[in-house]
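Novice: Listed below are the residues making up each chain.
2 protein chains.
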Amino acid sequence: MSAALPQVKPASLGKATVNKSSVLDSPRWVELRKLEWTDEDGKDRLWEVASRKTTSKGGIDAVAIAALLKHPSRPLSIPIILQFRPPAGGICVELPAGLIDESETPEVAAVRELLEETGYGGEAFEGRIKVVESGGTTPSDPGMTTANMKLVTIEVQLKEGEEEPKAQLDEGEHIEVRVTPLKELYAHLQAYEKLGYHVDARLHHYAAGIDIAHRYLS
Amino acid sequence: MSAALPQVKPASLGKATVNKSSVLDSPRWVELRKLEWTDEDGKDRLWEVASRKTTSKGGIDAVAIAALLKHPSRPLSIPIILQFRPPAGGICVELPAGLIDESETPEVAAVRELLEETGYGGEAFEGRIKVVESGGTTPSDPGMTTANMKLVTIEVQLKEGEEEPKAQLDEGEHIEVRVTPLKELYAHLQAYEKLGYHVDARLHHYAAGIDIAHRYLS
Numbered sequence: 001m002s003a004a005l006p007q008v009k010p011a012s013l014g015k016a017t018v019n020k021s022s023v024l025d026s027p028r029w030v031e032l033r034k035l036e037w038t039d040e041d042g043k044d045r046l047w048e049v050a051s052r053k054t055t056s057k058g059g060i061d062a063v064a065i066a067a068l069l070k071h072p073s074r075p076l077s078i079p080i081i082l083q084f085r086p087p088a089g090g091i092c093v094e095l096p097a098g099l100i101d102e103s104e105t106p107e108v109a110a111v112r113e114l115l116e117e118t119g120y121g122g123e124a125f126e127g128r129i130k131v132v133e134s135g136g137t138t139p140s141d142p143g144m145t146t147a148n149m150k151l152v153t154i155e156v157q158l159k160e161g162e163e164e165p166k167a168q169l170d171e172g173e174h175i176e177v178r179v180t181p182l183k184e185l186y187a188h189l190q191a192y193e194k195l196g197y198h199v200d201a202r203l204h205h206y207a208a209g210i211d212i213a214h215r216y217l218s
Numbered sequence: 001m002s003a004a005l006p007q008v009k010p011a012s013l014g015k016a017t018v019n020k021s022s023v024l025d026s027p028r029w030v031e032l033r034k035l036e037w038t039d040e041d042g043k044d045r046l047w048e049v050a051s052r053k054t055t056s057k058g059g060i061d062a063v064a065i066a067a068l069l070k071h072p073s074r075p076l077s078i079p080i081i082l083q084f085r086p087p088a089g090g091i092c093v094e095l096p097a098g099l100i101d102e103s104e105t106p107e108v109a110a111v112r113e114l115l116e117e118t119g120y121g122g123e124a125f126e127g128r129i130k131v132v133e134s135g136g137t138t139p140s141d142p143g144m145t146t147a148n149m150k151l152v153t154i155e156v157q158l159k160e161g162e163e164e165p166k167a168q169l170d171e172g173e174h175i176e177v178r179v180t181p182l183k184e185l186y187a188h189l190q191a192y193e194k195l196g197y198h199v200d201a202r203l204h205h206y207a208a209g210i211d212i213a214h215r216y217l218s
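Here the protein sequences line up with chains A and B, keeping their order. UniProt numbering numbers the first residue of the first sequence as 1 and each following residue consecutively. UniProt numbering numbers the first residue of the second sequence as 1 and each following residue consecutively.
Source of the hints: derived by calculation from the structure; they are not laboratory data. Worth double-checking, as some hints may not be accurate.
Unchecked claim - Which bits of chain A does chain B cover? Going by a derived footprint, with three or more residues having C-beta under 8 Å, they are:
no., region
1, 20–30
2, 111–125
3, 128–138
4, 172–185
Said to hold, decoys possible - Computed list of lysine-lysine pairs in PhoX-like fashion (alpha-carbon distance at most 20 Å, straight line):
no., chain 1, residue 1, chain 2, residue 2
5, B, 15, B, 34
6, A, 43, B, 15
7, A, 20, B, 166
8, B, 43, A, 15
9, B, 70, A, 20
10, B, 53, B, 70
11, A, 20, B, 43
12, B, 34, A, 53
13, B, 159, B, 70
What the hints assert, rightly or not - Across the chosen pairs, the derived CB separations fall in these ranges:
no., chain 1, residue 1, chain 2, residue 2, range
14, A, 128, B, 40, 44 to 54 Å
15, B, 42, A, 168, 19 to 29 Å
16, B, 44, A, 70, 38 to 48 Å
17, B, 101, A, 15, 30 to 40 Å
18, A, 103, B, 103, 27 to 37 Å
Glycine included, every Cβ here is placed at the ideal spot set by N, Cα and C.
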């Protein structure tokens, strides 16, 4: 259905593997809960749900960041990240994202995670980082989990000739950043899929929205 | 940050409530697994993950449907649904979606779910329903679960004067359909949030992509 896909460079993350999967009895981070609920007809019913044990004080688990990189002479771009995710058993393509630390606001967490995972932020970008939108609190998969998140949009003003910044990763964290033209995001994600990577559903929907707007609404 | 929000009608779903949440020992639908994995540095590590026990033979849990309603004289629209979701403890706003039945392809499941949840499909729409895109297999929340899904885009050709079809819900299923102009989807979701509803993260990202395309790329 698509034209030729863009050339994307495979990850050079090194090799990681899942060796064994077993049923877990004493979870530390995640738990299963039984919800007893009453439906619209007054009938008592049960629902099984997975929850994080670490939800922030504000009741929001995580933020994802759509960072719009505004360059004087290049097309508007967005940094996406590649990382091995054990639940997917392979490399995932995602927006920069992370859990909200205790007592952080979602916006502060978004600015911090963007700096840590991509390098955009900190002193070098003083006055050139602006949170332009903070979305509602959205459940990630409300049929199955209580996990929720906020999508925060941040504008980053770049300068001509400026080098791509370095991420500030923790030891043992392996992430690769790919700055991608926003207009071609959907085609790039398709190209990463061809390499066998798993595109996060939320990033896929974001790119599909951009693509649909071009094809049906312009 | 936004202009006046559109008027959206509150759901008339009736009242449903979550009465109790307790730790679950013998789950039927969901389970917690421990993954033993080796990271890129060769270090053995653990990851906790929630999985559905019901993943389809094809290895894909679910489909969501972006149904583009093409009307001769009205703007391009998309049906979204309102339903009470116990994990969110309230009414969620989502794309039509559902689990893939055994031996169904994702595209067949998408056409079936669209008919069941919104009424678009079946004999009355013979020859006017077309699957135009079937996205990759995308993990819904790859830091926490193995759940995955496909976004399927379906074009529906409407006729002038045609009435909105009736959903074909199972007994005990309570869903309301809202046909929403695609161009205004993001503003409508913000209006539903003001009513206290929870917008699914994937639908939010889809609408945010459409909105970003308008504001930054046109």
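Novice: Each hint needs a verdict: does it hold in this structure or not?
Specialist: Here's how the hints hold up against the structure:
no. : hint                      : in the structure
1   : 20–30                     : holds (count 9)
2   : 111–125                   : violated (count 0)
3   : 128–138                   : holds (count 6)
4   : 172–185                   : holds (count 4)
5   : 15/B / 34/B               : violated, 38 Å
6   : 43/A / 15/B               : holds, 11 Å
7   : 20/A / 166/B              : violated, 47 Å
8   : 43/B / 15/A               : holds, 11 Å
9   : 70/B / 20/A               : violated, 48 Å
10  : 53/B / 70/B               : violated, 38 Å
11  : 20/A / 43/B               : holds, 14 Å
12  : 34/B / 53/A               : holds, 15 Å
13  : 159/B / 70/B              : holds, 9 Å
14  : 128/A / 40/B: 44 to 54 Å  : violated, 32 Å
15  : 42/B / 168/A: 19 to 29 Å  : holds, 23 Å
16  : 44/B / 70/A: 38 to 48 Å   : holds, 43 Å
17  : 101/B / 15/A: 30 to 40 Å  : holds, 36 Å
18  : 103/A / 103/B: 27 to 37 Å : violated, 50 Å
Checked against the numbered hints given earlier, this structure breaks hints 2, 5, 7, 9, 10, 14 and 18; the rest are met.
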